[in-house]
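> Single-letter residue listing:
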Amino acid sequence: MTRIFVAGNSHITALVSSYKAAPPGVEMEFALLNEQQFQPVMQGDASDATLAERVRKARERRGLPRGEGGDASNPTLAFAARVLEAQADLHVSMVGGNDHSILVMLNHSRPFEVVLPEAPDLHVDPEAELLPAGLVSIELERRIAPHLKTLAEYRALVSGRLVHIESPPPVPSEAHIRKYPGVFRSMIEERGVSPALLRYKFWRLHSRLYREACARLGVEFLSVPEKMCDGAGMMIEAAWNPDPTHGNALYGGAVIAQLLREAA
Amino acid sequence: MSSPYKSLPGHSFWRRAIESVPPPLVNPAVCAPFSLSPSDAVMTAGSCFAQYIGAMLQATNFNYLVTEPAHPIFQPGQVKAYNYGVFSARYGNVYTARQLRQLLERAYGRFTPRENIWAEADGSFLDPFRPQIQPGGFLSRREFELDRQQHFAAVRRAFESLDVLVFTLGLTEAWVASEDGAVFTICPGTSGGVFDPAKHEFHNFTVSEVVADMCAFIDALRTVNPRAKLILTVSPVPLVATARADTHVLTATTYSKSVLRVAAEMLTQSRPNVAYFPAYEIIMSRAFDAGTYFAADKRNVVRPGVAHVMRVFAEVFTGITASAPPPAPAPVPKPAGDGAYMRKMEELMQVHCDEVALDPG
Chain A
1 MTRIFVAGNS HITALVSSYK AAPPGVEMEF ALLNEQQFQP VMQGDASDAT
51 LAERVRKARE RRGLPRGEGG DASNPTLAFA ARVLEAQADL HVSMVGGNDH
101 SILVMLNHSR PFEVVLPEAP DLHVDPEAEL LPAGLVSIEL ERRIAPHLKT
151 LAEYRALVSG RLVHIESPPP VPSEAHIRKY PGVFRSMIEE RGVSPALLRY
201 KFWRLHSRLY REACARLGVE FLSVPEKMCD GAGMMIEAAW NPDPTHGNAL
251 YGGAVIAQLL REAA
Chain B
265 MSSPYKSLPG HSFWRRAIES VPPPLVNPAV CAPFSLSPSD AVMTAGSCFA
315 QYIGAMLQAT NFNYLVTEPA HPIFQPGQVK AYNYGVFSAR YGNVYTARQL
365 RQLLERAYGR FTPRENIWAE ADGSFLDPFR PQIQPGGFLS RREFELDRQQ
415 HFAAVRRAFE SLDVLVFTLG LTEAWVASED GAVFTICPGT SGGVFDPAKH
465 EFHNFTVSEV VADMCAFIDA LRTVNPRAKL ILTVSPVPLV ATARADTHVL
515 TATTYSKSVL RVAAEMLTQS RPNVAYFPAY EIIMSRAFDA GTYFAADKRN
565 VVRPGVAHVM RVFAEVFTGI TASAPPPAPA PVPKPAGDGA YMRKMEELMQ
615 VHCDEVALDP G
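Protein chains in written order, with this note's numbering: chain A, 1 to 264; chain B, 265 to 625.
Just chain A, with the same shape it has in the complex:
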């Protein structure tokens, strides 16, 4: 039996959806950090040597069975309890993953562009304002800082392997995003969806920051499964969730298969 514990935000849903059809011999547990019990996420100090003891005592005091949450009044302990109780063969992070979309999902009234450092030959809209890629990274880093803090705290909680999964690549289809706009409906009507290539570049800059943070923190970085990417590096149509930014169960299944290979 391979036990995998996954903590993260909304991109975790693709895995949850797929897990229903996961192969035998795999046991997965998910901690969805969007839940109220974990909010605000890991603002405590997981490196505190007394934390595990505090969690244990808190659980004993409340008589909670293993794996059903910690102290609901303390989000840090609630998360720490889930992690420490999991006894997983592999710990997995899917924290954050959509902050680039805040900046770039829709057209900006002052259209901008960026040259991707590792792929500088990608098309650049000559009519758009060129932004320094380094400055874009600084702004993205500011936005993902709370997630990186959570990742660091998660790292401090587990002594074994911790893998962070790259967030899914952008959905290239404007038609799909317009068809499933969700809460963005009026904003999309007002501004329009930004070019897929621009969203792709920002996603790559975003991923690069996570990759660098993982290297600093001693966390393994797991890239998007290759077969989930089209020739341009964007999400294949079969993997699109009916919303603007997430992968579906097929996508989640590909990630789980990748995790199983990692855990083997």
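Please keep in mind that the hints were generated in silico from the structure rather than gathered at the bench. Treat the hints with care, as some may be off.
Below, in silico cross-link-like pairs of lysine-lysine (DSBU-like), each with a Cα-Cα straight-line distance of 35 Å or less [unchecked claim]:
1. A:Lys179 to B:Lys608
2. B:Lys562 to B:Lys344
3. A:Lys227 to A:Lys20
4. B:Lys608 to A:Lys149
5. A:Lys149 to B:Lys344
6. A:Lys179 to A:Lys20
7. B:Lys344 to B:Lys608
8. A:Lys179 to A:Lys227
9. B:Lys463 to B:Lys562
A few chain B residues that face chain A, going by a derived Cβ cut-off under 7 Å, partial list only [what the hints assert, rightly or not]:
10. Gly400
11. Ser404
12. Glu443
Glycine included, each C-beta is placed from N, C-alpha and C at the ideal position.
Starting from the structure of chain A, add chain B where the hints point.
Same frame as chain A, now just chain B:
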């Protein structure tokens, strides 16, 4: 008994203009050949001291011209390191008259230096003519090239839309490409690039060279913007170092400032609508009493000195006296797509992710 001095005004006499005047009230700017209205677009360029002038112009509600502003997706605290808003466009410090002349020539495609890009060992690229314009340089050659095109367009817009250019003459010492005379901002090898004595040579500009370069610049500027007026200042900030091994840095500083001061005077005589503003004299006037407008490093100018300069500047060019700031210009439309849009996107993205996470359907 009469003499020509009998009819001179008070500012002509040291005792009345300096000795008996409280140091913070010294005002050597007697008159200006033109005035500034609150709506006049003011561009700044020059050495480090010009940064102070630019900042003070912005803080005191002059119509400070910025043609290469930071994009509103960035935070105000992030953009200064990338030199947005430090000057009217992102050209960085322009220390010499020749640099200013070449900036215009390069922006209009009339001069393309052979040594036009520095490829650094870490894979980044630097602009030899603004090597410190952004931390870490440009992350690809293409980014560098596209950014420079964009920058030159912003420089052209600045030159063509300014009403007044405040240019601070900073240095006479410079490092020049032997091949084509391109003037580097700083010596190659100090903040990027590789110094090569076969390709890079030291040059210390003379009065006649500074005047010739400035005249060429002014003439070129007025071909694209006939209404352009100039206010020249000389930076009081001493040289951080001289390249002349046989000369003390203080002596080299005196030479440099003297040349620039003389050149500025000559320029006011040789071209119309060119004014000299005595920022240098205001800062140095504190040398005559126990106070100083220099910081502990004896180079940089402290805030009260800059404030004194700008108070006099406002008085002589706008007629506004005392410490009241000049009137606000017509409001400049803020670029759309500001913080309210980002806040809305943050909220919607949070809802979007929560909905997908908590109710995947």
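> Go through the numbered hints given earlier and state which of them the structure violates, listing their numbers in rising order.
12
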